[in-house]
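Now for the letters of each chain:
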Amino acid sequence: MSTTDSAERGLILRDVTIWLNGGTLLSLDATVRPGEVLTVMGPSGVGKSTLLAFVGGFLGRDFRAEGRVILNGRDITALPPDRRGIGLLFQDALLLPHLSVGGNLMIGLSPDIKGGAARRQAVTAALAEVGLDAFADRDPATLSGGQAARVALMRTLLARPEALMLDEPFSRLDAALREQVRRLVFEEAAKYGLPVLLVTHDPADAEAAGGPIVELG
Amino acid sequence: MSALRLFPIAAFFVLIAPVAAGLAGVFLPAFGYLPVLGRSALSLDAFADVMAMPGLSRSILLSLGSGLAATAISLLVVTLFVAGWRGTRVFAALERLVSPLLSVPHAAAAFGLAFLIAPSGFLFRLGAEATGLLERPPDLLIVNDRLGIAMTLGLIVKEIPFLLLMTLAALPQTRAGEMERMAASLGYGRIVGFVHTILPALYGQIRLAVLAVLVFSTSVVDVALILGPTTPAPLAVRILTWQQDADLAMHFTAAAGAVLQIGVTILALVIWLIGERLFGFVCRVMALSGWRARADMAMRQLAAFVMALSAAIVLAGLCLLALWSVAGPWRFPDPLPDSFSFSTWMRMPGSIAAAFGHSLMLAGASAILAVVLALGSLEFRARSGRPGPGRALGVLYVPLLVPQIAFLFGLQILFSYLGFDGAFLAVLLVHLVFVFPYVLLSLSDPWWAWDPRYGHAVRALGRSPNVVFWRVRLPMLARPVLTAAALGFAVSIALYLPTLVIGAGRWPTVTTEAVALASGGDPRLIGATALLQALLPFLGFAIAALVAAFLSRNRRLMRAGA
Chain V
1 MSTTDSAERG LILRDVTIWL NGGTLLSLDA TVRPGEVLTV MGPSGVGKST LLAFVGGFLG
61 RDFRAEGRVI LNGRDITALP PDRRGIGLLF QDALLLPHLS VGGNLMIGLS PDIKGGAARR
121 QAVTAALAEV GLDAFADRDP ATLSGGQAAR VALMRTLLAR PEALMLDEPF SRLDAALREQ
181 VRRLVFEEAA KYGLPVLLVT HDPADAEAAG GPIVELG
Chain U
218 MSALRLFPIA AFFVLIAPVA AGLAGVFLPA FGYLPVLGRS ALSLDAFADV MAMPGLSRSI
278 LLSLGSGLAA TAISLLVVTL FVAGWRGTRV FAALERLVSP LLSVPHAAAA FGLAFLIAPS
338 GFLFRLGAEA TGLLERPPDL LIVNDRLGIA MTLGLIVKEI PFLLLMTLAA LPQTRAGEME
398 RMAASLGYGR IVGFVHTILP ALYGQIRLAV LAVLVFSTSV VDVALILGPT TPAPLAVRIL
458 TWQQDADLAM HFTAAAGAVL QIGVTILALV IWLIGERLFG FVCRVMALSG WRARADMAMR
518 QLAAFVMALS AAIVLAGLCL LALWSVAGPW RFPDPLPDSF SFSTWMRMPG SIAAAFGHSL
578 MLAGASAILA VVLALGSLEF RARSGRPGPG RALGVLYVPL LVPQIAFLFG LQILFSYLGF
638 DGAFLAVLLV HLVFVFPYVL LSLSDPWWAW DPRYGHAVRA LGRSPNVVFW RVRLPMLARP
698 VLTAAALGFA VSIALYLPTL VIGAGRWPTV TTEAVALASG GDPRLIGATA LLQALLPFLG
758 FAIAALVAAF LSRNRRLMRA GA
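Here the protein sequences line up with chains V and U, keeping their order.
Under this note's numbering, the first residue of the first sequence carries the number 1, and numbering increases by one thereafter.
Under this note's numbering, the first residue of the second sequence carries the number 218, and numbering increases by one thereafter.
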């Protein structure tokens with residue numbers, strides 16, 4: 001990879017400022033390189049989730065925002081959320097209860113992979129990747145918290161995003177699991193060379209991420 | 218506690234007893250058992266009589282087809298609209314436009330639609346005026362068309378507001394916001410993303426309401442009398458004519474017809490359940506393919522357009538009712554009357570003034586009784602070991618999931634046997650059967666959303682649960698209680714069949730009078746009566762809003778939106 005190429009790749013937040021009801025909520029200028037984790041920290045109410053909403057394209061009507069979001073050289077500031085190529089992970093796994101574990105992954109799997117056999121193969125491989133072989137037919141309601149978190153991660157990755165945004169994704173897991181799931185998420189993001197934007201109030205998350213840290217508020 | 222226990226028992230009685238007694242009262246004569254008329258030998262003769270009725274299969278198909286079509290189309294429009302626009306400005310604007318239309322009675326909406334689309338109606342007048350092609354109304358059967366299209370349209374524009382409100386009430390339980398973001402971040406367009414992530418949970422929440430719409434639509438009478446075909450009419454209308462026949466022997470035919478109606482409605486339900494399965498299967502296949510369907514803007518715009526159109530049809534219909542009620546001479550191609558006068562209102566027959574009084578009495582009494590019954594039942598539940606809405610809410614749908622014509626007719630037979638038919642209390646009781654479910658459904662969410670810690674705080678001061686109820690919970694919930702009462706009032710005003718069948722003609726209301734005018738064809742009187750019918754529910758909501766505003770005049774947090 002050449003230097004000019006790598007300079008263009010990654011998630012760039014250029015001169016981002018967000019206002020709520022006329023008052024400045026937050027300002028940020030940052031670059032997240034492929035495989036790097038930018039941690040945004042701060043107490044609740046300082047607009048951490050607002051930043052994610054802006055980058056993801058979900059900002060509410062009460063907010064006003066300036067600045068650009070550039071992903072791998074593509075200006076995505078004005079794109080609708082479904083065309084941005086940014087995968088989201090939430091506090092909860094949000095697995096769909098009416099589908100099997102495999103069905104939940106199929107929902108995520110990129111439509112570029114065509115044909116039933118190839119798609120099933122991709123889902124099987126994804127499950128194996130996170131140590132959930134033979135879980136495809138399971139009811140998501142029977143999974144443990146850690147297992148559900150891993151399925152949610154793979155669902156997001158199978159959609160082939162170009163970046164990841166994590167909204168307090170480990171806060172609902174108990175301490176032992178948190179460490180394990182956290183490591184897995186960062187490893188996978190690094191493996192696929194995804195820039196990661198992590199919002200958290202847990203200093204341990206920031207430390208494990210090992211990347212730059214921005215304090216809001 | 219012991220006295221409080223009476224409320225849920227009474228509520229259960231109101232919901233179950235009339236339906237059960239009514240069904241018994243219709244099944245027995247259907248099979249030839251009605252000792253009052255001197256018959257007690259079981260036979261299938263009545264069914265043979267029904268089967269021999271000319272055009273019966275066509276009547277059955279009309280009931281099935283229009284019921285299924287009206288339900289499917291209104292649900293489709295609401296689902297696509299909510300999927301495509303939830304959380305946007307367009308959504309908020311259309312929601313405000315459509316929601317009040319819930320309280321427009323079916324009959325008034327149907328008359329308005331007739332005035333809009335009939336060959337001599339407003340749309341043809343506009344067309345004739347613009348093109349100069351028509352000198353007289355074209356000879357087309359648009360209203361009362363043989364396929365029941367006008368009737369289906371009338372049902373659709375009325376069911377859309379109902380299903381929209383049920384959907385809006387259920388959305389908070391589906392984690393719609395997070396699911397929507399999740400689907401979008403996986404690259405899904407709004408509509409297909411909604412179908413995969415939110416619709417399964419949402420449909421589970423509104424399913425009983427959807428089935429109630431289906432049951433209602435396959436057995437509707439008032440809309441069918443106004444907009445439906447006549448040769449032959451849909452099954453429910455024909456049952457009503459048999460039932461009202463002077464020849465008492467026709468009672469057996471009508472009872473057998475009512476049983477047939479139950480069969481037709483069950484068939485519609487079975488077809489619907491198969492449709493649910495098929496749709497679920499298609500969704501799962503779609504999920505496997507990973508189809509993102511991002512280019513759904515045209516579909517979203519179509520959904521918003523149809524939603525706005527359905528509201529516009531009802532609103533235009535209401536305007537036309539008002540216009541006809543004050544119209545002087547109004548020749549065909551003219552879009553507006555030559556002159557206006559209040560003579561229709563001045564020469565309103567006395568029967569309509571009496572009907573107006575009956576409407577107010579029935580609606581006021583049934584709304585108050587329903588609210589008392591609902592509050593008592595909820596308070597009983599709140600003081601029980603397991604506070605919360607619980608599964609008992611499903612019982613509310615019992616009267617809504619049985620075709621009205623079927624059990625009302627049986628109930629009328631039973632009441633007449635007891636000498637109770639035509640009594641005000643009898644009519645009031647059947648109104649309560651339909652009013653109570655809506656009142657409790659409307660009260661349930663705000664009731665359980667109330668923070669019980671307010672009550673704990675007052676109890677900790679040494680006050681009794683009664684003090685909590687009267688001095689804390691009820692005043693704090695004044696607005697939803699008043700809204701529920703207004704909703705109950707609106708439901709009662711709109712009831713046609715219960716008033717007609719149980720009232721035995723002794724308690725005509727604005728609604729029964731308006732529908733009775735359908736065959737007469739005096740558009741001015743129809744306009745005035747139907748407008749009166751449409752305005753009464755709004756009056757109820759207006760009074761509820763005024764009282765709530767008065768109660769909270771010095772309490773900022775108690776006002777709407779706070």
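Just so you know, the hints here were simulated from the structure itself, not pulled from any lab data.
Please read these numbers as outputs of a predicted model, since none were measured by experiment.
Watch out, some of these pointers could steer you wrong.
Not close to chain V: a few residues of chain U, all C-beta gaps over 10 Å, as computed [claimed, not checked]: (1) S274; (2) R392; (3) E395; (4) R398; (5) P566.
Which stretches of chain U does chain V cover? Using the computed rule of at least three CB atoms under 8 Å from a CB of chain V, they are [what the hints assert, rightly or not]: (6) 405-419; (7) 504-511.
Derived Cβ-Cβ restraints for the label pairs, each shown as a range [said to hold, decoys possible]: (8) D133(V) / S506(U): 48 to 56 Å; (9) L763(U) / S44(V): 21 to 29 Å; (10) E66(V) / P663(U): 48 to 56 Å; (11) S506(U) / E215(V): 41 to 49 Å; (12) L526(U) / H201(V): 22 to 30 Å; (13) S44(V) / A237(U): 52 to 60 Å; (14) L490(U) / Q180(V): 43 to 51 Å; (15) T142(V) / V615(U): 29 to 37 Å; (16) G116(V) / P663(U): 35 to 43 Å.
Don't be surprised by glycine CBs; every beta carbon is placed ideally from N, CA and C.
Against the structure, the hints come out as follows:
no.	hint	in the structure
1	S274	holds (39 Å)
2	R392	violated (7 Å)
3	E395	violated (6 Å)
4	R398	violated (6 Å)
5	P566	holds (53 Å)
6	405-419	holds (count 8)
7	504-511	holds (count 7)
8	D133(V) / S506(U): 48 to 56 Å	violated (24 Å)
9	L763(U) / S44(V): 21 to 29 Å	violated (40 Å)
10	E66(V) / P663(U): 48 to 56 Å	violated (40 Å)
11	S506(U) / E215(V): 41 to 49 Å	holds (44 Å)
12	L526(U) / H201(V): 22 to 30 Å	violated (48 Å)
13	S44(V) / A237(U): 52 to 60 Å	holds (54 Å)
14	L490(U) / Q180(V): 43 to 51 Å	holds (44 Å)
15	T142(V) / V615(U): 29 to 37 Å	holds (34 Å)
16	G116(V) / P663(U): 35 to 43 Å	violated (48 Å)
Checked against the numbered hints given earlier, the structure breaks hints 2, 3, 4, 8, 9, 10, 12 and 16 and satisfies all the rest.
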